[in-house]
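This is what each chain is made of:
2 protein chains.
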Amino acid sequence: MEKLIALELVRNKKFVQLKKMLQEMNPADISDLVADMSEHDEFGERELTLLFRILPKELAAETFTYMDSDMQIMLINAFSDNELREVIDELYLDDTVDIIEEMPANVVSRILKNTDNETRNQINELLNYPKDSAGSIMTPEFVFLRKDATVAEAFARIRKIGLMKETVYTCYVTENRSLVGVVTVLDMLVAEQEKLIEDIMETNVISVFTHDDKEEVARQLSKYDLAAIPVVDADNRIVGIVTFDDAMDVIQEENTEDFSKMAAMQPIEESYFKTSVFVHAKKRIIWLLVLMLSATITGMITMKFDKQISAVPILVSFMPMLMDTGGNCGSQSATLIIRGMALDEIRIRDFFKVVFKEFRISLICSSVLAAVNGLRIFIQYKNLAIAFVVATSLIFTIIIAKLMGSILPMAAKKCKLDPALMAAPIITTVVDTCSILIYFNIATKVLALV
Amino acid sequence: MEKLIALELVRNKKFVQLKKMLQEMNPADISDLVADMSEHDEFGERELTLLFRILPKELAAETFTYMDSDMQIMLINAFSDNELREVIDELYLDDTVDIIEEMPANVVSRILKNTDNETRNQINELLNYPKDSAGSIMTPEFVFLRKDATVAEAFARIRKIGLMKETVYTCYVTENRSLVGVVTVLDMLVAEQEKLIEDIMETNVISVFTHDDKEEVARQLSKYDLAAIPVVDADNRIVGIVTFDDAMDVIQEENTEDFSKMAAMQPIEESYFKTSVFVHAKKRIIWLLVLMLSATITGMITMKFDKQISAVPILVSFMPMLMDTGGNCGSQSATLIIRGMALDEIRIRDFFKVVFKEFRISLICSSVLAAVNGLRIFIQYKNLAIAFVVATSLIFTIIIAKLMGSILPMAAKKCKLDPALMAAPIITTVVDTCSILIYFNIATKVLALV
Chain A
658 MEKLIALELV
668 RNKKFVQLKK
678 MLQEMNPADI
688 SDLVADMSEH
698 DEFGERELTL
708 LFRILPKELA
718 AETFTYMDSD
728 MQIMLINAFS
738 DNELREVIDE
748 LYLDDTVDII
758 EEMPANVVSR
768 ILKNTDNETR
778 NQINELLNYP
788 KDSAGSIMTP
798 EFVFLRKDAT
808 VAEAFARIRK
818 IGLMKETVYT
828 CYVTENRSLV
838 GVVTVLDMLV
848 AEQEKLIEDI
858 METNVISVFT
868 HDDKEEVARQ
878 LSKYDLAAIP
888 VVDADNRIVG
898 IVTFDDAMDV
908 IQEENTEDFS
918 KMAAMQPIEE
928 SYFKTSVFVH
938 AKKRIIWLLV
948 LMLSATITGM
958 ITMKFDKQIS
968 AVPILVSFMP
978 MLMDTGGNCG
988 SQSATLIIRG
998 MALDEIRIRD
1008 FFKVVFKEFR
1018 ISLICSSVLA
1028 AVNGLRIFIQ
1038 YKNLAIAFVV
1048 ATSLIFTIII
1058 AKLMGSILPM
1068 AAKKCKLDPA
1078 LMAAPIITTV
1088 VDTCSILIYF
1098 NIATKVLALV
Chain B
658 MEKLIALELV
668 RNKKFVQLKK
678 MLQEMNPADI
688 SDLVADMSEH
698 DEFGERELTL
708 LFRILPKELA
718 AETFTYMDSD
728 MQIMLINAFS
738 DNELREVIDE
748 LYLDDTVDII
758 EEMPANVVSR
768 ILKNTDNETR
778 NQINELLNYP
788 KDSAGSIMTP
798 EFVFLRKDAT
808 VAEAFARIRK
818 IGLMKETVYT
828 CYVTENRSLV
838 GVVTVLDMLV
848 AEQEKLIEDI
858 METNVISVFT
868 HDDKEEVARQ
878 LSKYDLAAIP
888 VVDADNRIVG
898 IVTFDDAMDV
908 IQEENTEDFS
918 KMAAMQPIEE
928 SYFKTSVFVH
938 AKKRIIWLLV
948 LMLSATITGM
958 ITMKFDKQIS
968 AVPILVSFMP
978 MLMDTGGNCG
988 SQSATLIIRG
998 MALDEIRIRD
1008 FFKVVFKEFR
1018 ISLICSSVLA
1028 AVNGLRIFIQ
1038 YKNLAIAFVV
1048 ATSLIFTIII
1058 AKLMGSILPM
1068 AAKKCKLDPA
1078 LMAAPIITTV
1088 VDTCSILIYF
1098 NIATKVLALV
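If you read the sequences in order, they're chains A and B.
Mapping of the first sequence onto this note's numbering: position 144 corresponds to residue 801, and the numbering continues sequentially without gaps.
Mapping of the second sequence onto this note's numbering: position 227 corresponds to residue 884, and the numbering continues sequentially without gaps.
If you are wondering where the hints come from, they were derived from the structure by calculation, not from laboratory data.
Note that CB positions come from ideal geometry on N, CA and C, so glycine has one too.
Be a bit skeptical, because a hint or two may be false.
[Claimed, not checked] Incomplete in silico selection of chain B near chain A, CB under 7 angstroms:
#1 Glu681
#2 Ile942
#3 Ala1081
Working from the sequences, and respecting the hints, build out all of it.
Here you go:
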């Protein structure tokens, strides 16, 4: 709806009306709208630049941060140096760095050329922090205060610095560049204007180090319900802050990564559609190959029982059910435990508690499933021996599956590997082999085969 | 370490030192510490209550919100009415409601008896919102201002209301109880003190309805990078706000739910350890039964090919590999698409784009896998016909798996079902049947069996 109106306004060059419409909108929505419009042929680079130019400066810059990198590159190429400088001036430094990380080299150098010396140095410093570290996602823009400042002086400073958005509500108190306390705007609002900051500041400061993993940063921020967390260097000097909105993005990224890994894929960096078919295939194929070749082991083991199969061919018909059930049981346990560890609810020291719990759960699950399936087979085939073989195999398979599903992810964590790798696909492959061995061995004994 | 010191202090009744130690700590950490201590026999209900009583009132209340419900119940039972009232007075209303929702009836009635009339009414109102709605997670504690107030008057009001934490930084401007604008403390700080609120407020307000799903609330808050989002009723009257920390919890809960569903489990409400073995088993067993019985269909289909199996028993040995690979390929696609839809990156209107993309990916993956496996089989068994049968079956299986993995989750969404249900386990079962059919049909033709 909005898209059609906007397209109509662009088509008829009604820019005053278009400007009025866009000004009422939120930058995130304008970015969505532009992305929708750009799917139409008539809305190309020229129209995009035009639309962007009629936005007020601040709104334009904010909209820019929400756009995807293709559109950002298109705009940067269309900008004059002056326009580029204006947009960058309005951006938060961490957003600028995020944008730069996605850009081809020629665009990056144009951006850096159009920033002042100090900003350029800050950007370069941020770019140097390791990928996925606290330093790489922090912004160096925050308010710091002296201990001996008064509340009135602190407010004057906030007004003077004039940062945008939520970054000002927690101010950081430093002494010789060292972080000694935090004070919130709310603390200052309710305090007398002559009070000293040191008298109202909180000295028990939660902070993270520049080289901490960004996942850890998000976890701390979420654990302590903070709107921002200070990032300090090895000498406890504050060098930046990470705000809650960035932490939320980190949480979602990490979850997406875990989903990918748990389905036997290497995580993709970009969104689904922005990733090419070739890259998608590459990220999936390695694990598929590994798992396929491991599964052939199960196949070879099956062949050790070819005499049994020839004697009682119906044994084959229960293989898919046994293997699938084993895989499902194992991946249930693995999923809960991987998730529990990601949320810090389950720790390595809980190992025996977890394994024992999964063992008891597997007893309940396996009894019910074995009873149902044994009964079904008996009714359908009127063959008690086969019903017994399948039911017993099911019990052992489920117990082993649940134990594997709990042991493997925790062992991975213990070996400093990502537990998410020990999810459904690997568990299924391992459990398959076990279940086939159990099944045919029990069948051989009970049916007195060979 | 901290735990041992604290236990030692409790043991020796050194409460002054203990108090000093705890006062330096963050409520979330105190709650962790108490949970750790309570694993020791010597730290029982009496010690817990003692420790809680030496905390300053506000810190005690905050610590209380971080505790798990067992410990909360223990404390509430030990509290005098007076103490209970003091703790509840310090709590945010949404936290009180969260606590009440976990408590047995007798504890709830004691809590309600110890709140004043107004609070009791507000609690009852909040309890009445549907589970998982915006209303159920919002807090009715926020600052509202009149349009014609000045900035100075607004600050006076904030000081007077004196709410805790971040809830004050965005104030809501109402007119006849209707939400007409928002103004941030930062806006007010940088404005002249005589300015009217209506001159500096933002009138384009992002809000959610009381009955919106909480997941939608978190998504909006995250999309627009808001620290708090107002919740309005059908008449656009603001009735509460949801803050970023609650939204973060919602995001994590929803992710955990998706992980559970995608591994064929009904989500559990409590943490892993707090859920009993019996409940764990119950949440897992339904899907296991459904999938087990579906997998027997695959088994029965296999039996239609018993003549082929008897003729060429080695055919059985490739079944696990084919079924596993099909399952893995399908769950890769399903996982990415379910996650893409959860993040709003993939929409139903993208259906054909997604299916076509997955089709092309499946062509690449299947060619590579078929080539590798065909070659391996040829080298190992020196049998070109069987190598050809397996490779061709692999190609068709992978293509079908990837198509199923993309079509089923999107179809579920279209039918207003949760796409997360159409994940690895179901896809595996469906693809198993297809792959067995393909495999034995190709084998029959190529090997001229029957």
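Do the hints match the structure? See the list:
1. Glu681: holds (6 angstroms)
2. Ile942: holds (5 angstroms)
3. Ala1081: Cβ of B:Ala1081 sits 6 angstroms from chain A, so the hint holds.
No hint from the list above goes unmet by this structure.
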